[in-house]
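Enquirer: Here is what each chain is made of, one letter per residue.
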Amino acid sequence: MTTWIDIGSVVQIPRRGARVVKTAHGCVAVFRTHDDRIFALDDRCPHKGGPLSEGIVHGTRVTCPLHNLVLDLETGLATGEDQGRVATHPARLEGGRILLDATLLAKRSAA
Amino acid sequence: MMVQKLVVIGAGMASGRVLEHLFEDMPGAYDVTLFGAEPRGNYNRIMLSPVLSGEKTYEDIVTHDAAWYDANAVTCRFGETVTRIDRARKVVVSAKGETPYDKLLIATGSAPFMIPIAGRDLPGVMAYRDLDDTNAMVAASAKPGAKAVVIGGGLLGLEAAAGQRLRGMEVVVLHLMGHLMERQLDPAAGYLLQKDLERRGIHVHCKAQTKAILGNGKVEAVLLDDGTVYDADIVVMAVGIRPETRIATDAHLEVERGIVVSDQMITSDPDILAVGECVQHDGQLFGLVAPLYDMAKVAAKTLTAEAAAFRPQQTSTKLKVTGVDLFSAGDFAEGEGREEIVFRDPSRGVYKRLVLQDNRLIGAVIYGDTADGNWFFGLIKDKTDIAEMRETLIFGPAYQGGASADPMAAVAALPPEAEICGCNGVCKGKITEAIAGGATTLEAVRARTKASSSCGSCTGLVEQVLAVTLGDAYAAPAVKPMCPCTDLTHEDVRRLIKSQALKSMPAVMQELGWKTSCGCHSCRPALNFYLLADWPLEYRDDRQSRFVNERNHANIQKDGTYSVVPRMWGGVTSARELRAIADAADKYNVPMVKVTGGQRIDLLGVKKEDLPAMWADLNAAGMVSGHAYSKGLRTVKTCVGTEFCRFGTQDSTGLGIKLEKLLWGAWTPHKVKLGVSGCPRNCAEATCKDVGVVCVDSGYEIGVAGAAGMEVKATELLAKATTEPETIEIITAFVQLYRENARYLDRPWKWVAKVGLPWVQATVVDDLAARRALVERFEISQSVYRKDPWAEHARPEDRADWAPLADLTLEAAE
Ligand code: SRM
Ligand SMILES: Cc1cc2nc3c(=O)[nH]c(=O)nc-3n(C[C@H](O)[C@H](O)[C@H](O)COP(=O)(O)OP(=O)(O)OC[C@H]3O[C@@H](n4cnc5c(N)ncnc54)[C@H](O)[C@@H]3O)c2cc1C
Ligand code: SF4
Ligand code: FES
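Each protein sequence line maps, in turn, to chains S and U.
Under numbering that gives the first Met the number 0, the first residue of the first sequence is numbered 0, with each subsequent residue one higher.
Under numbering that gives the first Met the number 0, the first residue of the second sequence is numbered 0, with each subsequent residue one higher.
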């Protein structure tokens with residue numbers, strides 16, 4: 000069973016933007032798309048660790064701010080000719096609140 | 000069988016339907032008493048909008064008249080509010096006493112939500128819910144030049160706005176979100192709607208946060224958070240509704256957001272049913288009539304002891320404003336495994352977006368041509384497999400099972416008299432004639448026929464005619480599109496933004512046929528610049544379309560920290576500024592303090608969450624952002640000049656400071672750097688800058704288009720000026736011309752190479768009127784942008800936005 004943790008209200012993240020959630024083992028970037036969908040990915044670009052939360056969000060993609068790798072928010076995979084993958088985490092929106100999977104944190108603190 | 004007593008609370012749309020079904024299913028089963036708070040019987044509430052606009056009268060929308068109540072022996076208690084339900088004794092209480100029931104039906108609808116702001120109780124502030132509200136609006140319109148402000152740009156608010164406008168009022172719509180009807184429409188359709196309403200003379204203000212309603216004894220104006228004030232004789236709040244549950248709550252029925260009902264429409268009390276907007280079924284609330292009518296059917300069955308279950312169905316939305324054609328249904332958010340088909344016809348203002356999942360249509364947004372709306376809605380409801388018709392689905396039922404919908408075939412099939420270019424009235428025959436006469440390129444066709452030479456929106460069609468006529472002999476022009484979202488070049492887009500007066504990003508994307516719903520990292524920053532450069536007063540900067548450095552007003556470093564560079568006007572600083580910089584370096588543990596190549600100091604390695612506090616400290620010492628991160632004015636490098644140097648011919652330091660104070664804050668296509676040297680020895684390296692001034696005895700030599708980055712190139716002489724003000728004017732005009740014309744990410748040297756120095760000289764040096772006009776436009780833009788972004792973002796109340804949204808490290812450690 001998934002236990003969900005409430006990390007904040009959706010309005011705290013701008014549309015086509017992201018905010019960071021700190022966990023014991025690194026930051027998670029929580030994205031909000033133009034049509035109010037929520038995604039959570041590790042905040043580390045598979046290329047050279049760029050902070051994905053600072054990238055430009057377009058459709059369901061984000062462009063890394065350091066060297067423009069474009070990643071798919073749903074799969075975490077690099078798009079086009081590029082290679083690479085970033086870990087994605089379950090996230091959902093309920094009544095305007097953003098919920099993250101608590102096991103994510105447990106896993107991380109056990110690691 | 001004994002006749003049972005049914006009491007109905009609320010004479011609205013849902014209860015009217017229940018009674019119709021009940022009398023049909025089992026006439027005479029109940030002795031009905033109908034309470035209504037409004038002093039009238041059931042009427043078609045959704046048709047209040049045509050009553051407001053004058054297209055219908057109240058009599059036209061009455062659904063049940065006195066004869067009908069008579070025929071069905073309904074005891075009407077209109078104008079009587081039920082104040083209490085006594086479940087133990089099975090009676091309802093109203094001002095005129097008690098009325099007993101065997102079965103009770105609650106159908107109290109919704110209450111409009113009123114935002115709790117100052118002034119909301121002033122006379123003239125109202126909701127839009129019933130006939131009285133409608134009549135109040137009609138009465139307000141009697142005064143010549145009356146002004147209405149509608150708060151809320153959803154379905155109701157817009158119908159109120161359109162109706163009042165048709166009654167001759169001046170109408171402003173204030174909407175909190177970025178586009179109208181955001182729950183039913185995506186931004187592209189919202190933009191088209193806004194344009195349509197504005198064409199009707201309704202002023203729409205999105206992202207409007209209402210702060211207070213002003214007035215002395217009656218409403219006079221509405222004040223927004225940003226300080227805007229709109230005069231108002233009447234204010235209509237249409238910001239949402241809440242289920243009207245008060246009597247149910249008082250009677251201790253189970254009530255969450257609405258009165259909780261089962262699939263049979265029974266509340267937590269087996270003798271009490273509820274239908275309509277006041278209920279909550281399976282966690283869901285309702286705001287449109289279609290599902291309420293289904294509830295009514297079920298409630299009638301339950302009352303006659305027949306089995307039935309309510310299942311909410313999909314709903315679709317239409318806005319009832321004559322001449323506005325929009326339709327939305329289903330779920331149209333992007334999502335995993337979902338695909339979209341977008342069709343835009345800018346010349347007709349048509350936009351269609353279909354969302355597919357597993358070969359099924361699950362959502363549709365249509366604007367401008369909604370004839371096929373119901374067909375799409377049917378496909379959604381029936382979950383039809385559309386695999387077979389996928390290619391032509393968006394063209395609607397007319398194209399199914401018929402000829403192929405290949406656009407080329409469609410163009411080939413057009414008759415010679417079909418119009419291709421609307422602006423210049425050019426038909427297909429004229430174009431094929433020109434092609435036969437040797438015009439084999441777009442340019443040649445343009446030159447001979449004028450087709451696609453005005454607004455340019457038919458360019459694609461003209462190219463298709465070329466392709467169809469010439470076949471393989473046609474070589475499509477090898478222009479490089481701006482990005483994969485469009486086939487247009489940067490130059491085309493800049494031209495069209497100006498010629499078609501496109502003033503927002505959705506406007507550009509719609510009118511120019513963007514292929515994606517919200518652009519990409521490559522086009523969005525460029526569009527954002529073009530729009531703010533061309534419409535400085537109308538366009539609002541879109542922060543989310545900016546590259547990280549410009550969004551965070553600092554340069555990101557490879558480890559995710561930032562560098563902070565305060566401005567040092569003309570490279571001059573003071574002990575006080577240096578002290579403040581040193582203090583900031585200590586306070587925020589700055590790992591490196593470096594003197595830059597641009598005559599100022601860089602604090603490198605600052606954490607994002609420290610930025611606002613650090614800026615506030617630097618602001619307190621009188622320093623502002625150095626924009627070391629922006630496509631904008633960077634530095635004006637100077638030398639010491641006549642003030643100190645034995646060779647100086649003019650005050651180069653002073654001129655540099657004046658230029659920097661004039662130009663700072665302006666956004667440009669790429670970064671802009673200036674240098675001012677006091678004599679030809681050129682200690683400020685002015686001859687390799689974007690703009691460089693070399694002072695001489697007779698005045699100022701202004702050079703432009705230098706480079707010293709990946710390319711190294713000396714400046715070219717733009718003009719020689721004799722006075723400082725003339726020098727400043729020419730440089731300002733040059734910068735503005737560059738802002739208005741260059742493509743995004745071209746430094747001035749690249750742009751000048753494309754347009755030619757002679758044209759630049761003719762415009763900013765020789766043509767005095769053009770020069771002055773450029774300077775004036777620059778000043779207009781600076782009235783918005785000559786502001787310190789650090790000060791704007793350093794406010795204590797905004798600081799949380801710069802820190803992580805949540806810190807779970809502590810919880811995980813527990
Ligand atoms: C800090 C500084 C180096 C220094 O320690 O001196 C610097 C640092 C950077 N330069 Fe520079 N440039 C600096 C002076 C220069 C100069 C010399 C000058 O301004 O007199 C040049 C050559 C002149 C010119 O502008 O072309 C220069 C040519 C570039 C270029 C190449 C531009 C080109 O068109 O070829 C880039 C890349 C770009 O802009 O796309 C660049 C980009 C950068 C970036 C922004 C790289 C990046 O995108 O992260 C560096 C940011 C570091 C940071 O976080 O602060 N920097 N850079 C200088 C800051 C000047 C200032 O006070 O604002
Ligand atoms: C201007 C306007 C336009 C609309 N357009 C559309 C549209 O195009 N399409 C669409 O699907 N929907 C539309 N709607 C929504 C639609 O009208 C409602 O969904 C529908 O009327 C709800 O029906 P109801 O019976 O639940 O409530 P109502 O129709 O509101 O009826 C409830 C009645 O109960 C009365 N009442 C409340 N409490 C008591 C009490 N204690 N005692 C006695 N009486 C009480 C109220 O006065 C009211 O008359 C529109 C609504 C408005 C206001
Ligand atoms: S030359 Fe400029 S861009 Fe290159 S490493 Fe140095 S600071 Fe960075
Ligand atoms: S670190 Fe993300 S693209 Fe290089």
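What the hints contain is simulated information worked out from the structure, not anything from laboratory work.
Watch out, some of these pointers could steer you wrong.
[Stated by the list, open to error] As a list, the in silico PhoX-like pairs of lysine-lysine whose alpha-carbon atoms are at most 25 Å apart:
#	chain 1	residue 1	chain 2	residue 2
1	U	Lys557	S	Lys47
2	U	Lys557	U	Lys514
3	U	Lys194	U	Lys317
4	S	Lys47	U	Lys319
5	U	Lys300	U	Lys319
6	S	Lys21	U	Lys586
7	U	Lys514	U	Lys497
8	S	Lys21	S	Lys47
9	U	Lys786	U	Lys660
10	U	Lys749	U	Lys719
11	S	Lys47	U	Lys89
12	S	Lys21	U	Lys514
13	U	Lys497	U	Lys670
14	U	Lys296	U	Lys194
15	U	Lys319	U	Lys380
16	S	Lys21	U	Lys607
17	S	Lys21	U	Lys380
18	U	Lys514	U	Lys479
19	U	Lys607	U	Lys593
20	U	Lys102	U	Lys4
21	U	Lys479	U	Lys317
Enquirer: So, against the hints stated earlier in the document, which numbers end up violated here?
Expert: Violated hints (numbers, rising): 2, 4, 5, 11, 12, 14, 17 and 21; every other hint is consistent with the structure.
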